[in-house]
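*Asks:* Protein chains in written order, with this note's numbering: chain A, 58 to 134; chain B, 796 to 1215; chain C, 30 to 326.
These are computed hints drawn from the structure, not numbers from a lab.
All C-beta atoms, glycine included, are put in the ideal place defined by N, C-alpha and C.
Careful, some of the hints might be misleading.
[As the list claims (entries may be wrong)] With a Cα cut of at most 20 Å, we get these calculated EDC-like pairs of lysine to aspartate or glutamate:
1) 83/C with 107/C
2) 907/B with 843/B
3) 202/C with 63/C
4) 265/C with 220/C
5) 117/A with 981/B
6) 859/B with 108/A
7) 1109/B with 220/C
8) 99/A with 951/B
[Unchecked claim] So the derived label-pair ranges between C-beta atoms look like this:
9) 1209/B with 202/C: 20 to 30 Å
10) 107/A with 1197/B: 24 to 34 Å
11) 94/A with 150/C: 42 to 52 Å
12) 33/C with 909/B: 56 to 66 Å
The lines below spell out each chain.
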Amino acid sequence: MNNSKWHVLLILIILLTFIISGCTSLGVNVWERDILASPHMKLEKNAIEREMDDHIYFSKEGSSGGRGFGGGGCGCN
Amino acid sequence: MQLNKQLSIKSALAIATTVLLGAQIAKATDVESTLLIYSEKDRVSAGEGAVSIKHELNETQNIKIKLTFDALTGASPNGAAPASSVQTFTRPSGNGSYDIQPGIIPLDDTFKDSRFAVSGTYTRKLSRLNNFFIGANFSGEHDYTSLGVNTGFSRDFNNRNRTISVSVSFTSDKVNPEGGVPIPYDTLALIGESTSRLGPNATKKVYDLLLGVTQTINRNTLFRANYSRSHSTGYLNDPYKFFSVVENSSSANPGEPLTYLYENRPDARNKNSIYTQCRKFLNGNVIDLSYRFFWDDWGINSHTINLFYLFDFKNNTTLEPHIRWYHQSAADFYIPVQIDGSSNQQFTTADYRLSTFSAVTLGLQYSIPMQATHTLKLSFEYYRQFGDSSPPGLIGSLLRYDMFPTLNAVMFRVGYNFSF
Amino acid sequence: MNKPYKLSYKNSIWTCTFQAMASPCEVLFISSSEKDANLFAEFTFDETKRIESKFSRYLPDNIVHKINSSNGFKIEVDEETSRMLDFANQCYQLSDGLFDISSGLLRNCWTFDGTEQTPDKDKLSTMLKLIGWDKINWEPPHIQLLSGMEIDFGGIGKEYAVDHVADIALSFKISKVMVNFGGDIRTINPDLDSPPWVIGIENPNKENSAIGKISLHNGGIATSGDSKRFCLHHGKRFGHILNPKTGYPIENAPTAVSVVSENCTQAGIIATIAMLHGKDAEQFLESQEITFKCYRD
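Chain A extracted, bound-state conformation (with noise of 0.2 Å):
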């Protein structure tokens, strides 16, 4: 239980640090997004074949989710 409670504490600060220091400095103005705006930028790239490994991983491993939802619907685990 200590553990796990030193996890959520971890991704506090993570994401606190994240938010604070994004505040001002990071981004870019509209007119500088062209490299961003790329197809091969998007971060969902290629969904459909990572969706398709996340569902063998969920079958054959003990950890699921992350990128999206957990997973489930599957009688597989």
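Go by the hints and put chains B and C onto chain A.
*Replies:* Showing chains B and C alone in chain A's frame:
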């Protein structure tokens, strides 16, 4: 706002005009399809096909529908340990049996299943910066059905450089195993022997929460962090898995099986994960690195590192090698076998998926642009799972056997995407 | 049925012509289906008229009128107007304040009919207090002007319509199109092996005298400037381009600038910013590494 002097006004305007005109071109239907062949050496083979169709209803709304079909056949570990003589197991249906040769991890070769799944999502832009989605999904197998709903909200901040999202999902599953739901710790029946069962089916509910932040770091870099929590409750056993009870060290044949008992997992599980992903543009190529830390209240901790590197060639073909590394620790109640004479733990599983092991995936995807908006994708992946061949808790003859035979699997995939 | 536009077919090219945005409008395109050709022509006319009526400062009851008569109150704008305002904001930033959609009021101080002008200094300084994008509170989707301020989308609206119509052509299964609204042009022809669009460029100083031809597959052309609109101040000739910072016409501005670029809106803004650079117009244009023509008397 500061003018970035490195960019000429011309190139700055090129992007600004794309944004100005951009929203008009979106009215399209995108189709993604893929076919997969998955094959494990000596074990399961599977084929899977999926089609996802996204249609823009107008500038603010879209719907996405995804259909998946898969068929699976082959052998899967039943949870029992190898033995020095032939082991005979009753098939889950209660009709017939299969024999396992000495020294080999018992595999149940009756696995044959097909699954059909459909999901739909409706996304709506509530205002300039706010987005909302609602979705539902259904999946059915001959012994399992699942019905789920999900919804989420996201908002852009700081000139759209940051997106924060919250989404939740609820899934209600029903398992109706062949031969009924076994009673935990019940002895595996002999052929023809009648056994009592918990009933014809059992249910499981899953509640998911996902919090996400996506941040533009600079002109070349995107970062995303998710925290997800999943609470499952109900019947969480695998109805086809049991474990061996073996003779103890004071008996004649230590390590040899006496009987097999159905596994018994807790009826609740809380899973958590932190997922971070960074995607960066590097001189025309793209690198994508992600890390997931997962932990749950069954005692499993895992680390997953995923690295993709995309080479973008002049003729628009891309080559994307991929490496994934995974390691998990065992659930608190995992034991390879139970030794006769020791009393039952509160919970027990011998399912190798809840043991300590590592896995590596190596992959390569080649993508070729066809005409206008069409793309063909070919990929190959190799997956290897390896664990402790002699984990703690073994005695006698078991020490001679490989308790975690390395699993090797290959995947071939063909994908075709287009828009119209 | 009497349509407000003309659609004709000759030498495998469809031509749709009509009058809008105070200019003769012409759209040339290739379509294998008469049905698609008719649909696209109708759409082109409707969209052009829609954009004209939405963003023209001469028409009442549109969003521009609503903003200009808001008397200092906040106005919520729709998504398309929001994109236009975002774009105008970027043009202001990129031109260091020279391109300013709130500078239209200055026209009340000057008459570009070729006569000697002596602007009323008091009127000019009063006007300058009501000019400047930096005085506008733009928090999408809300805009708030100081009471008395005005904005107009001159220099963006027509060019936007040209690009918008050309981009939409693709969804009517039309792959090759040239949109020409009074000299503001956009061409699309993705098949680089096929012949390009050929556009004759007129000398804006002399009517009906083509000074050259430009071959273009995909791109935009726009011209800023008008040799017939000028005024004299202390005997010096000034073009009609006004500096929003001083309220005076730009000195030594070219009479006109034509720019060839990726799209019409981009070409139009670059041409206008070049005019605002006055004597340094050519130097500015050269730094942008584009094809251009700068006309001086």
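*Asks:* Checked against the structure, which of the hints given earlier come out wrong?
*Replies:* Of the numbered hints given earlier, those the structure breaks are 4 and 5, listed in rising order.
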